[in-house]
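Put together the whole structure using the sequences plus the hints.
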Amino acid sequence: MGWFSRSSSEQSPAATRQDRQKCWESRDQYFECLDGVGVLTAGEEGTACTKSKFQYEKNCAKSWIDYFNKRRVLAEKQKDMLAQSQLQSQEVKRKL
Amino acid sequence: MRPKTVTAPGRRCFTSGARDRAAVGVCFFSSSVVFTPTAAALFVATGVGLFYYFRYEKQKLLEQRQKEFESRSVGRAHVGGPFTLTTHENKPFSDKDLLGKWNFVYFGFTNCPDICPAELDKIGSVMTSLEQNYGIIFQPVFISVDPARDSVSQMKTYLSDFHPRIIGLTGDYATVKTTCKAYRVYFSTPPDADPKDDYLVDHSIYVYLMDPNGQFVEAFGQSSTPDEVVERVKKEISEFEKETGRKV
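Protein sequence lines, in the order shown, are assigned to chains P and G.
If you're matching positions, the first sequence starts at 1 in the working numbering and goes up one per residue.
If you're matching positions, the second sequence starts at 97 in the working numbering and goes up one per residue.
Keep in mind the hints are simulated off the structure, nothing from the lab.
Errors might be hidden in some of the hints.
[What the hints assert, rightly or not] Reference listing, derived: stretches of chain P covered by chain G, where coverage requires no fewer than 3 residues with Cβ under 8 Å from a Cβ of chain G: (1) 28 to 40; (2) 62 to 73.
[What the hints assert, rightly or not] Result set (SDA-like, lysine to any residue): computed pairs, CA atoms no more than 20 Å apart in a straight line: (3) Lys292(G) - Ser12(P); (4) Lys292(G) - Lys79(P); (5) Lys79(P) - Gln318(G); (6) Lys156(G) - Arg172(G).
Even glycine gets a Cβ: it sits at the ideal position worked out from N, Cα and C.
And the structure:
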């Protein structure tokens with residue numbers, strides 16, 4: 001991907017629609033693999049998923065990788081919070 | 097009842113003769129005493145006075161209501177302001193260029209992982225849908241919050257992936273900062289960002305609808321769907337038409 005192999009003395013051009021699509025697909029594959037081994041935070045899976053991880057890191061900018069990984073963890077935590085608050089509201093309804 | 101005890105000129109009272117507990121008296125005023133020319137004149141004058149007073153108050157109320165109706169910005173946030181930036185075709189573009197069109201203004205940057213492309217696609221889909229009904233009276237504007245990296249050529253390349261009518265705007269840091277401030281947009285780019293760096297910009301995510309008078313109408317968040325936006329815009333256009341007789 002010419003997008004990343006540029007030398008650091010030049011500004012990388014913005015990603016095209018295709019670049020983005022490719023990045024998202026490799027991200028989704030990597031995340032699916034992580035789900036498979038029950039790992040939430042990227043990097044904690046050890047030697048599993050190295051192939052998809054390699055593709056992911058090849059197709060996406062570092063800032064994007066950090067962002068997607070963080071968001072994955074955040075989304076999961078928010079899911080827990082949502083489930084909890086739903087449970088609470090159900091309990092309240094029952095009491096009423 | 098014992099008739100007639102004249103107590104005052106023109107006043108005749110009839111009282112019950114017996115010393116009842118409840119002494120009831122009925123007094124009648126002779127009409128010739130009450131209905132004098134002066135009284136008549138006073139009566140008419142009061143009536144006329146009241147008539148004019150009520151007419152005046154009603155007029156005032158109507159004017160106020162008209163004014164409120166005209167200034168639709170009552171209750172709306174003061175978003176927007178003057179700015180001059182450069183388009184992706186390297187032409188100047190100011191807030192004056194928003195006049196005469198319904199504008200969708202979105203702030204973002206070209207190195208955005210997924211949100212900006214999604215929002216720009218949403219704008220594109222909204223435009224396609226609305227233009228079928230109204231024709232080309234809409235103007236989508238994409239303003240960069242990453243002046244260090246989003247040069248004119250960068251914007252041009254980036255926007256080639258989206259709806260052809262989206263106008264990309266960029267400028268120097270100071271101008272971008274002023275524009276963002278006017279639109280109450282938060283953005284995290286520092287003034288000395290290195291264009292060769294790989295960084296993301298944190299920013300408010302809204303599509304701002306501005307009417308043909310350059311007035312702010314609504315801010316659509318990420319969760320609003322294209323259909324919701326289309327419905328809202330249709331409603332606003334019909335309101336605008338009611339007031340001005342024109343769609344744009």
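Cross-check of the supplied hints:
Check result for the region 28 to 40 of chain P against chain G: violated, 0 residues qualifying (beta carbon to beta carbon below 8 Å, three or more required). Interface restraint, the region 62 to 73 of chain P with chain G: holds (5 residues with C-beta to C-beta distance below 8 Å; minimum three). Proposed proximity of Lys292(G) and Ser12(P) is supported: the alpha carbons are some 7 Å apart, at most 20 Å. For the hint linking Lys292(G) to Lys79(P), the alpha-carbon distance of about 36 Å lies beyond 20 Å, and the restraint is violated.
The suggested pairing of Lys79(P) with Gln318(G) holds, with an alpha-carbon distance near 18 Å, which does not exceed 20 Å. At most 20 Å may separate the alpha-carbon atoms for a hinted pair to count; Lys156(G) and Arg172(G) exceed this at roughly 24 Å.
Hint compliance for this structure: hints 1, 4, 6 are broken, all remaining hints hold.
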